[in-house]
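Q: What follows is the residue order along each chain.
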Amino acid sequence: MSDLGYDAAHMLGAVVLLMSFALLYQRRLFSLLNVFTMQALALTATAAWQAYSHGEPHLYITALLTLVLKAILIPVALHRIVVKMKIHRTIEPALGIGLTMVAGVSLVTLSILLVLPVTADATALTRENLALSLSVVLLGLLMMISRRNAVSQVVGFMSIENGLILAAVGVAGMPLVVEMSVAFSVMVAFIIFGIFLFHIRERFDTLDMQKIESFRGESD
Amino acid sequence: MTLLLATLYQILQMLLVLALAPLLTGWVRLVKARLVGRQGPSVLQPFRDLLRLLRKEVVLARNASWLFRSVPYMMFTAIWLAAGLVPVFTTQLALAPTADLIALIALLGSARFFLALAGMDTGTSFGGIGSSREMMIAALAEPAMLMIVFSVAILVRSTSLAEIADFMMAGAVGLRISLALALIALVMVAIAENARIPIDNPATHLELTMVHEAMVLEYSGRHLALVEAASMLKLLLYMALIACVFAPWGMATAGSGVAAALGGMLVFVAKLAVGGTLLALFETSIAKMRVFRVGEFLGGALLLSLLGAIFLYVSRGV
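Respectively, the protein sequence lines represent chains A and B. Note that our numbering numbers the first sequence so that position 185 is 185, with each residue one more than the last. Position in the second sequence (first residue = 1) + 1000 = our numbering.
Same shape as in the complex, but just chain A (with noise of 0.2 Å):
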C-alpha cells in the first residue's frame, strides 16, 4: 500500500512549504538568507526525485538549475548586498511574527480549498502539490507584504518563483522552455532588483519601505 514515490514527493514538497513558514518566522536577514538557501535546496531535492521517479530527464537540468541560482547565486549575491550596506545587524520589525503566521497558515487552508474542488479528477499527487505550491507562492506574498526591509521583500519575491517552480515539477509534461523561461525571468529581475536596491540606498538612504513611503505622501 505504501508507495515510496509518492510519499518522498510528498514529503519534499512539505519541506519547502515548512521552509516557506520558516522564512516568515524570521527576524535577522542572515537567517532569512539561510532559510532561504534551504528552500531551494529542498526543491533541488523534489526537482531531482521527480526527474529520478518519473524518468523525465529534463527535470535534471530544472534541478541544476535551481541548485545554481536559487541555492548558490542568489543567496551569495543577496549576502554581499546585505554586508555592503552594513545592514546584516538589523532586526525586523516585521508585522507581529504571530500574526504573520495565523495569516500564513490561513493562506494555506485557502489554498486547500481552492485547489480540492478544481482538481477533482486528478491523482493524488498533483492535488498535492498543487495545493502545496499554490501556498508556497501565497506565502510569498504574505512576506512581500508583512516585511519592510527591501532585501526581505526580495526574498519574498524569490519564494514565489521556488512555488511555481514546485508546480512545474509536479505536473507531468511541462515543457522544459516554461521552467526555463522562469528561471530566466527570475534571473534579470534579481539583477534589476539589485540595482534597484542600490538606487533606492543612495537616493533616500534607508531600505525601509516605511519610509520611503513617506517621500510618496502616502503617510505623514
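The hints are simulated quantities; they were obtained by calculation from the structure and are not laboratory data. Quick reminder that beta carbons are idealized off the backbone N, C-alpha and C, glycines included. Possibly wrong hints are sitting among the right ones.
[Unchecked claim] Restraint-style ranges between C-beta atoms, simulated for each label pair:
id, chain 1, residue 1, chain 2, residue 2, range
1, B, Q1045, A, E213, 57 to 63 Å
2, A, S214, B, G1037, 49 to 55 Å
3, A, R27, B, L1146, 47 to 53 Å
4, A, I72, B, S1110, 50 to 56 Å
5, A, F30, B, F1047, 41 to 47 Å
6, B, A1287, A, H199, 36 to 42 Å
Fit chain B to the known structure of chain A by using the hints.
A: Same frame as chain A, now just chain B:
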C-alpha cells in the same frame, strides 16, 4: 496467562521508567558537559542527588497549607502513572485499554495544575511569577498537543497508544506530511513542557527567565526530591511518547514472546540514548529565548499541528 503476562509487563514498565528517568537526565547532562568541553558528572549523579534530598529534613514556610505539602505526592503519582501508560518496550500492557492519549494529557495537565497552585500557595512573589508563566506556556502548549493527538487519531482512527504503535509498526502509512508536521510540533511542545533550554533553564536561578524553578523554589527535602523525580519522569515520558508514536520499531507486540520484550527494552534504552544525545546537541547549539518570545515559539507549534490536521484532508486515503 496473557493477562498475567500483561500485568507483569505493566509492573516491569513502571519500575523501568522509574529507574531510567534519572539515568536519562544524567546522560543528557553528561553529553552537554562533554559538548562544551567539561568533564561532567557521572550518569548516576541524579540518583545521588535524589537520595541526598530524600535524606534531608523538610523545611516548610510558616504559611504553607496542606496543599503545598500534598502537591509533590500528587504530581509524582500522576506523572509516574502517565509514564507507565506509554508503551515503551511492549504494547501488551495490562493498562493498555486505558492508555489513551487524551487521558495522558489530562494526567499531565492535572500535575501541572497542582504544581502551579503550590507555587502560589506560600505567597512569595517568585512562586506567583513562576505559576503565571507556567500557565501562559500551558495555555499554548496544550492546544498544540491536542491538535497533534487529533491528527494522529484521525490517521490511525484510535487514540489508544498501543493501537497507534501497532498501526505504525505495521507500516500501513508511509511518510506523511501530517505526521512530519505533528512530529515537529510534538518536539516543540516537549521542549516547552520539560523546561528545556530555549524556553526555560532549570539549572539557573535567574529571576528574569525562570519558570519551573520559580514555582518549586520553596520546596526542600523529600518534597523537592519528588518534584525533581517527577520532572525527570516527564522528560522520559515525552521521549517515550515520541518514540512510541513516530518510531515504535523494535517494540514487542501481542503474541510475541518474552525474548521480544527483552529486545524491546534494549531498543528502548538505545532510543533514549539517541534522544538524549539529540536533545543535548540541540540545547548546546541554541540560546535561551526571552520569555515574551515563548508565545511565538509555541504559537508556531500550534500552527504546525493545525497545518498537519489540515493536510490530512488533502493527502490520499483519509
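Q: Next, verify each hint and record whether it holds.
A: Do the hints match the structure? See the list:
no. : hint                         : verdict
1   : B:Q1045 x A:E213: 57 to 63 Å : holds, 59 Å
2   : A:S214 x B:G1037: 49 to 55 Å : holds, 52 Å
3   : A:R27 x B:L1146: 47 to 53 Å  : violated, 29 Å
4   : A:I72 x B:S1110: 50 to 56 Å  : holds, 53 Å
5   : A:F30 x B:F1047: 41 to 47 Å  : holds, 44 Å
6   : B:A1287 x A:H199: 36 to 42 Å : holds, 37 Å
The structure is inconsistent with hint 3 alone, although it conforms to all the rest.
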